[in-house]
Amino acid sequence: MGNIVLEKVNKCFGDVEVIPSVDLDIKDGEFVVFVGPSGCGKSTLLRLIAGLEDLTGGKIIIDGVDVSDSTPAKRELAMVFQSYALYPHMTVRKNIAFPLKMAGMDQAEIDKKVEAAAKSLNLTDYLERTPGLLSGGQRQRVAIGRAIVRSPSAFLFDEPLSNLDAALRVNMRIEITDLHKELKTTMIYVTHDQVEAMTMADRIVVLQAGDVEQFGSPLDLYNKPVNRFVAGFIGSPKMNFATGKDAEEFNAHEIGFRPEHMTVSTTEGRWKGVVSVAEHLGADTFLHVKTENAGTFVTRSDGELNINYGDTVYVSPNTDKIYRFGADGLSL
Amino acid sequence: MARKVSIGRKVGFTALAWTLGCLMFFPIFWMMLTGFKTEVGAIASPPQFFFTPTLESYKDVIEQSNYMRFVMNSIIIAGGSTLLALVVAIPSAWSMAFSPTKHTKDVLMWMLSTKMMPPVGVLVPLYLMLQYFGLLDTRTGLVIIMMLINLPIIIWMLFTYFKEIPSEILEASRMDGAVLWKEIVYVLLPMALPGIASTLLLNLILAWNESFWTLNLTASNAATLTQFISSFSSPQGLFFAKLSAASTMAIGPIMVLGWFSQKQLVTGLTFGAVK
Ligand SMILES: Nc1ncnc2c1ncn2[C@@H]1O[C@H](COP(=O)(O)OP(=O)(O)OP(=O)(O)O)[C@@H](O)[C@H]1O
Ligand SMILES: [Mg+2]
Chain A
1 MGNIVLEKVN KCFGDVEVIP SVDLDIKDGE FVVFVGPSGC GKSTLLRLIA GLEDLTGGKI
61 IIDGVDVSDS TPAKRELAMV FQSYALYPHM TVRKNIAFPL KMAGMDQAEI DKKVEAAAKS
121 LNLTDYLERT PGLLSGGQRQ RVAIGRAIVR SPSAFLFDEP LSNLDAALRV NMRIEITDLH
181 KELKTTMIYV THDQVEAMTM ADRIVVLQAG DVEQFGSPLD LYNKPVNRFV AGFIGSPKMN
241 FATGKDAEEF NAHEIGFRPE HMTVSTTEGR WKGVVSVAEH LGADTFLHVK TENAGTFVTR
301 SDGELNINYG DTVYVSPNTD KIYRFGADGL SL
Chain B
1001 MARKVSIGRK VGFTALAWTL GCLMFFPIFW MMLTGFKTEV GAIASPPQFF FTPTLESYKD
1061 VIEQSNYMRF VMNSIIIAGG STLLALVVAI PSAWSMAFSP TKHTKDVLMW MLSTKMMPPV
1121 GVLVPLYLML QYFGLLDTRT GLVIIMMLIN LPIIIWMLFT YFKEIPSEIL EASRMDGAVL
1181 WKEIVYVLLP MALPGIASTL LLNLILAWNE SFWTLNLTAS NAATLTQFIS SFSSPQGLFF
1241 AKLSAASTMA IGPIMVLGWF SQKQLVTGLT FGAVK
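These protein sequence lines are chains A and B, in that order. Counting from 1, one number per residue, gives the positions in the first sequence under this note's numbering. Counting from 1001, one number per residue, gives the positions in the second sequence under this note's numbering.
Among the hints, erroneous ones may be present.
[To be verified] Just the calculated beta-carbon pair ranges, DEER-fashion:
1. B:F1212 with A:S151: 58 to 64 Å
2. B:A1197 with A:T124: 31 to 37 Å
3. B:V1088 with A:L219: 40 to 46 Å
[To be verified] Pairs of lysine-lysine residues, derived as DSBU-like cross-links and limited to a Cα-Cα distance of at most 35 Å, are as follows:
4. B:K1263 with A:K8
5. B:K1263 with A:K94
6. A:K74 with B:K1182
7. A:K112 with A:K94
8. B:K1182 with A:K119
9. B:K1182 with A:K113
10. B:K1182 with A:K8
11. A:K94 with B:K1010
12. A:K74 with B:K1263
13. A:K59 with B:K1102
14. B:K1182 with A:K184
15. A:K94 with B:K1115
16. A:K59 with B:K1163
17. B:K1182 with A:K112
18. A:K101 with A:K113
19. B:K1263 with A:K59
20. A:K27 with B:K1182
21. A:K101 with B:K1182
Since the hints were derived computationally from the structure, they do not count as laboratory data. Computed from a predicted model, the values in this text were never measured in an experiment. From the three backbone atoms N, C-alpha and C, an ideal C-beta is built for every residue, glycine too.
Same shape as in the complex, but just chain B (with noise of 0.2 Å):
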């Protein structure tokens, strides 16, 4: 529908969108700012904007910490979680959303409701428990916990896209001979893999930068990056470039991959929004 917008409204409308981006950017523009600058420099007031930029702070951070190991330690706890939970929700999102029962509907919102539970609730008995089979500071352990943790979301996202499938080509795929696992193999995934790239891609997003969990569960071996940052924050006292170069390194990566994988997920969270 082509409908006419004045020149002005564009105008301010664009003007808009371009504060509010710079506004939710300007933080983390900062941020990386101060990495490059001294210690001294990052504390000056009035703040300064031009400076010469040093790799000071970036030297220092990693030769007091062992940043590889941190990304791995991400890299695995995140994607590890990410994919098993895949593993678990595609199954029983195909079940809610193709052979839905009267229940059905309460099985989401109680999913949902554990999303709606302050995370300290749980955290004494989930301790002890991974105290008790001896998963704490472990990826194992974390893994498993991340899964749990970002499962509801996944299924719910996996959910709302299947129901866009017709299940009549489901239906005609079981009378073509498919059994259960080739009917989702064959048809379902790759019908809904816009649908489960973005469900994918957003949630490496979220278990990247949980740190509840991660913080609260990990002591060394299987520290993550959000570990890396709070260990430069507190022990260290205010040491704000080196804070900022770190906090720079554990967000890169994920920034990366967000970077060019935005156009699947702005796909993707908008699919069935706009028909």
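For reference, chain A alone in the conformation it holds in the complex (with noise of 0.2 Å):
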């Protein structure tokens, strides 16, 4: 069981407030991704809930159980740490039973675990090896593997691809969504990579400032956000916004449009521009867009498009793909 629940999480470093009071209710089996700016908490709010942070204020709830005081060896959640954190000093193969060798397990055991978790992560091979003769993936994978090992009653992972280069990345991502599907045990993923958060998450929360600005599926995100700051957050290249006039007439203070949602002509359209960036892609062209009296604005179309820098072109928004935000922010 893995059922998380944050009831007014609040956490103060000095007389610096982090954290000023999150709300989450996290379900079993739930992979749950936290995106949010540099400096925004998300770090933060997984070491609470891993108990490596004391809490200044509000409470944990795990499974029904108030873990607030609670040391992490009682919490029995297992973390992976953005520089894997590997004992230096010890084998694969110590590394991955140090868990159960502190849970008490004997030596039979143990070593079946060991052996079957490094199997599933292929790391049979390398067991007798200290981390230091290991690359990023390898030593990635004995971070996970000493995770798996105890089956914990939730993961906690902290930007844990961030060390590895693309393709391992994508591979490691796939991996780890294999793994969940798999094991089904809820997971709480810090990133702040959109594509890591949109692809893995059953569901997100946007963090700002310490706030949790929206909690939701990343569909609800991409297509309902709540407010201007997530619209902007979620989605690759950011959203187009737009105010005065343009936004009057939607009845609005401001609209958001994304570049997916708009229509890039030579002839005709709402706003005429010069493209001052153009980035062909092969499969998508990315036109930056400087109008003459609404800003810059970023287009994505089909790579076929024949549009170069320098080119004046018209944009205009799919009208029912506008998003409406009010004075305050929030979506209309």
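Assemble the dimeric complex from its two separately framed chains, guided by the hints.
Okay, here's the thing in structure tokens:
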């Protein structure tokens, strides 16, 4: 079981309030991703759940038990750190066995579990090496191995893939997703990579300055952002915004429209502008269009588009895909 | 980084290093030499470099005093105080390195500042306290005093070594279910072993050679090798050969220890300096 509830969780470092008040209810077996800009408190929130930081206020309840004052050991969660945090003086075998040894399991049982975990993570050939002799990807797998052997009630990941190169990241992302499908254990995953968040999560928590802006499924966040911040944060390239007369026309203080919901034409359209950057990625083409009176917009069209730097174009948003915001930033 | 050093400079530096080394070693060498002379030979002028060595002084020294008792006392007091200090210092350094508060820096500075005070300043109060507890001239009393005297240095050294260890690794062990003592024993200590070993060695040497407290707080029962040497200086007048023989015997054990652990000492003491 791994149902994790946060009630009015508050955290201050000295006089600095990092997490004002967070309420969350993470269901058993759910894959939840925390995203948000750097410094918004993602790691702090995760470490509070782990028990590595003390709460300043509020409660954390795991499977109905208030663990607010419990040590990390008592919470029975497993964590994978960005730096892997393997024990450098122990072999891979001992690293993976460590949590079992701490739990006082007998040696034969430990060996069996370690072998099984190593096999599922392709680490069998490396069991007798120390972590210093492994590649980044292998170290990451050892860290995951160390987390899964103990069958914890939930896994916590803090940007586990950010030290890996792009190709390996994609592989590990899939491995972790597969792992979740197989184990069906609650996972909380911190990242600032949009793609990781959108592809892995059952539900995403968007944080800003320690506040939960929205908690919902990836498509919910994409289609129905509750406010301007979430709208601008989710989606890549970012949503375009316009104010003033353009917004008033839609009865809003500000309107937003995604790059993929815009049409580009050489003859007619809502805004006339000049292409300041043209990114031809093959499958897609991104244009940054500097309009005469509404700012710069980014558009996304298919790869065939034959428009280049310096060209004059007309861009228009698809009117049925417009997001409207009030003066307070909330969606209308 | 391979930097070209000219032959001339290499020779110059080597010569300088050897000269300094010899200068520092000479008094010890001379002392060892004098121990094998007769009392007359020891004060001969001009000094004798070539002479027929004799074990006369060593024989006298051993006959006149109970060398082994002093050695045992030195071992117990230096070793005991070092081990006891480590037991206290490891948790203290752990807490200062891994869960510092606003005042950690002040505490560290305060500890260091106790070493800036001349020890005579606290001699009388400490003497009276030991007397009150009946610990004057006892090994227990000396172990406690020596432990307290060297504690600041030990904590400082361990603190610097612990600082080098990424706290995430300790946090990982906490997540893996390690309680505090297991975290320290299974994770922190093995990782800090080189640092702990050199702290231990250095402190053994310091405690072995310490003379102020041992001379002032012991008379006979707990007297260490420093007492042993000094007993050959004043009451006997200037018996240089015997004094030299006694001194050589006093520093012998610690020199042997230092010799065999020099590699460990150097790596430990330069730990962190060269990354
Ligand atoms: N031990 C600490 N003492 C004081 N302030 C801290 C401490 N740890 C974190 N903070 C502050 O809390 C805020 C949130 O930090 P946190 O590490 O949770 O951010 P984050 O969202 O994980 O950022 P990133 O994406 O860069 O990892 C930051 O402003 C940081 O400076
Ligand atoms: Mg972080």
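What are the numbers of the hints the structure violates, in ascending order?
Of the numbered hints, 3, 4, 11, 12, 15 and 19 do not hold.
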